[in-house]
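S.K.: In case you want the letters, here they are:
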Amino acid sequence: MDKYAAGFGMSLAVTCVLNAIILVIKEKNDAVMGAMKAAMGHHWTTHGVIVIVCFFVLGFIFSATRLETKFDSHRMLKYIIWGVIISGLITAGFFMPNLKLGGVIKY
Amino acid sequence: MFIQGVMMVHVALGVIGIMFAVALFVDVLNVNEGNIERIKKLSLAVAVLIVLAYIIGGYWYVVYYGHDRDIIKAGQWPWAHNYFMEVKEHLFFVMLLLGIYLPIAVYRNTPLMEKEKRCLVLGICALIVVLGFFMEGAGGIIGKGVTIGLMGG
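First to last, the protein sequences are chains A and B.
Position 94 of the first sequence, counted from 1, bears residue number 93 in numbering that gives the first Met the number 0, the numbering being contiguous throughout.
Position 114 of the second sequence, counted from 1, bears residue number 113 in numbering that gives the first Met the number 0, the numbering being contiguous throughout.
If you are wondering where the hints come from, they were derived from the structure by calculation, not from laboratory data.
Careful: at least some of the hints might be erroneous.
What the hints assert, rightly or not - Straight line, CA to CA, 25 Å or less: simulated DSS-like cross-link-like pairs of lysine-lysine:
1) A:Lys-27 - B:Lys-39
2) B:Lys-39 - A:Lys-77
3) A:Lys-2 - A:Lys-77
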């Protein structure tokens, strides 16, 4: 693999999970939510900037760590798919109680 | 009219982005010397379309959505916002990152003639299409939530 394809691929997998973690933290912590709103006027704007900056910073860091010698494309794809699935499950699961159906499920 | 226009452009960019991702998927499945340049252009186009959909949709969401949100939450489908908009607005970041990574995978993970390298691009395209369909469906539910909220009852 090319070092940037490997580095940014790993960054993508990590940042996807990080995105879901930031979501849970800001929704559960009023101080964090308030700080994110104050930082850029809207919590979603701040969230997006954090995620994008993390993706590029981690991408360049991972690219410099010679990940390409340890990973092939198949393994990288597996990490990315798991990153997306974990992020999707955390996000969809976190808001599940907001569904009407969620009201009958005990959390 | 401007607000509706902004929303329509956001949706259109997303739909075209999904269609380009499908086209790229098919092109990569049938990769040869003749379509390599088109594959590269398509990967860039998908990235640009998704980034533009993010910027324009984000502008609409931050500036105009508050009014619609209040209508939805006062109506019979409050979950259209409480669930579908909340999930959509946060999962969009995942799709955005996939879109940005797509040209990196196409340009740097060469040659695409190798099956293993092709799989990475195919996988990214498939994830973009699946997430894109969710975005479009969730957007439809949110729009319907506004309609039902305006109908009252």
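S.K.: So, for every hint listed, does it hold in this structure?
M.R.: Here's how the hints hold up against the structure:
Distance hint between Lys-27 (chain A) and Lys-39 (chain B) is unfulfilled; the C-alpha atoms sit about 42 Å from each other, more than 25 Å. Restraint check for Lys-39 (chain B) and Lys-77 (chain A): satisfied, since their Cα atoms lie roughly 23 Å apart, inside the 25 Å limit. Between Lys-2 (chain A) and Lys-77 (chain A), the direct Cα distance comes to roughly 17 Å. Compliance with the 25 Å bound is thereby established for this hinted pair.
Comparing the model with each numbered hint stated earlier shows that hint 1 is the single one that does not hold.
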